[in-house]
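Residue numbers (the numbering used here), protein chains in the order written: chain A, 1 to 112; chain B, 1 to 115.
Hints listed in this document are in silico derivations from the structure and should not be mistaken for laboratory results.
Keep in mind that this is a model prediction, so the values were computed, not measured.
Treat each hint with caution, since some may be false.
Quick look at which bits of chain A chain B covers, simulated, 3 or more residues with Cβ under 8 Å [as the list claims (entries may be wrong)]:
| hint | region |
| --- | --- |
| 1 | 77-84 |
| 2 | 94-104 |
In silico DSBU-like links for lysine-lysine, alpha-carbon gap of 35 Å or less [unchecked claim]:
| hint | chain 1 | residue 1 | chain 2 | residue 2 |
| --- | --- | --- | --- | --- |
| 3 | A | Lys69 | A | Lys26 |
| 4 | B | Lys78 | B | Lys11 |
| 5 | A | Lys70 | A | Lys56 |
| 6 | B | Lys11 | B | Lys57 |
| 7 | A | Lys26 | B | Lys78 |
| 8 | B | Lys14 | A | Lys70 |
| 9 | B | Lys78 | B | Lys14 |
| 10 | A | Lys56 | A | Lys26 |
| 11 | A | Lys56 | B | Lys57 |
| 12 | A | Lys69 | B | Lys57 |
| 13 | A | Lys69 | A | Lys56 |
| 14 | B | Lys14 | B | Lys57 |
| 15 | B | Lys78 | B | Lys57 |
| 16 | A | Lys26 | B | Lys57 |
| 17 | A | Lys26 | A | Lys70 |
The C-beta atom is built at its ideal place from N, Cα and C for all residues, glycine as well.
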Amino acid sequence: SQQGEEDPQALSIQEGENATMNCSYKTSINNLQWYRQNSGRGLVHLILIRSNEREKHSGRLRVTLDTSKKSSSLLITASRAADTASYFCATHPWTSGSRLTFGEGTQLTVNP
Amino acid sequence: GAGVSQSPRYKVAKRGQDVALRCDPISGHVSLFWYQQALGQGPEFLTYFQNEAQLDKSGLPSDRFFAERPEGSVSTLKIQRTQQEDSAVYLCASSSHRQGGSPLHFGNGTRLTVT
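Chain A with its partners taken away, still in its complex shape (with noise of 0.2 Å):
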């Protein structure tokens, strides 16, 4: 069963704009990661925010994490067409041993 739920389901946006992306989940975390997954392709990890983390910043990513929403959310600043991609949130729940649990996806396009 999947525990986040992205929103927006899909997202088109210039080239050069900023994307924002949300997450929510339903049980109490330790850990919430954002993945990217070009088509036909793995998942690749682009950033882990800890429970007692409220924002995190990697290059063009920004990651706010509100727990007492159990809410997310993923900007990527100054897209770029490469940045096209679907995203996932996952989340470690304490109670889940060392799985993680992915969410269904933001399919983001940028156009050029």
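Could you slot chain B onto chain A? The hints should help.
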């Protein structure tokens, strides 16, 4: 190689056939996961190994699914008597960490089509 390698890349099986999917994790990675990804969906957990020990197989959908990692490196996911609903991409991922919730390194997956 530097990454997680999966083979075959594509597999077509007739309904009722057995299939075996192989995963070569990153050398030295102790944790290995199998996920199933249906078209347009996120990956769903199948099973987890720490070295050769299968510590969690709660995500395997039926007793037709079996996974092994006998020497703590290469892993094989076997599906017996394949059904059409088994059609999906099977992703393998590994991690150097023992503790749960660590970032995963994924292979490119095996796309299984059952006809």
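Quick rundown of the hints versus the structure:
1. 77-84: violated (count 0)
2. 94-104: Per the Cβ count (9), the hint holds.
3. Lys69/A - Lys26/A: holds (9 Å)
4. Lys78/B - Lys11/B: Holds - the C-alpha atoms of Lys11/B and Lys78/B are around 13 Å apart, at most 35 Å.
5. Lys70/A - Lys56/A: Within the cut-off at roughly 16 Å; holds.
6. Lys11/B - Lys57/B: Within the cut-off at roughly 23 Å; holds.
7. Lys26/A - Lys78/B: Answer holds: Lys26/A to Lys78/B is near 32 Å, not above 35 Å.
8. Lys14/B - Lys70/A: violated (43 Å)
9. Lys78/B - Lys14/B: Satisfied, since the Cα-Cα distance of roughly 15 Å is no more than 35 Å.
10. Lys56/A - Lys26/A: holds (21 Å)
11. Lys56/A - Lys57/B: holds (33 Å)
12. Lys69/A - Lys57/B: Within the cut-off at roughly 31 Å; holds.
13. Lys69/A - Lys56/A: holds (17 Å)
14. Lys14/B - Lys57/B: holds (26 Å)
15. Lys78/B - Lys57/B: holds (13 Å)
16. Lys26/A - Lys57/B: holds (22 Å)
17. Lys26/A - Lys70/A: holds (7 Å)
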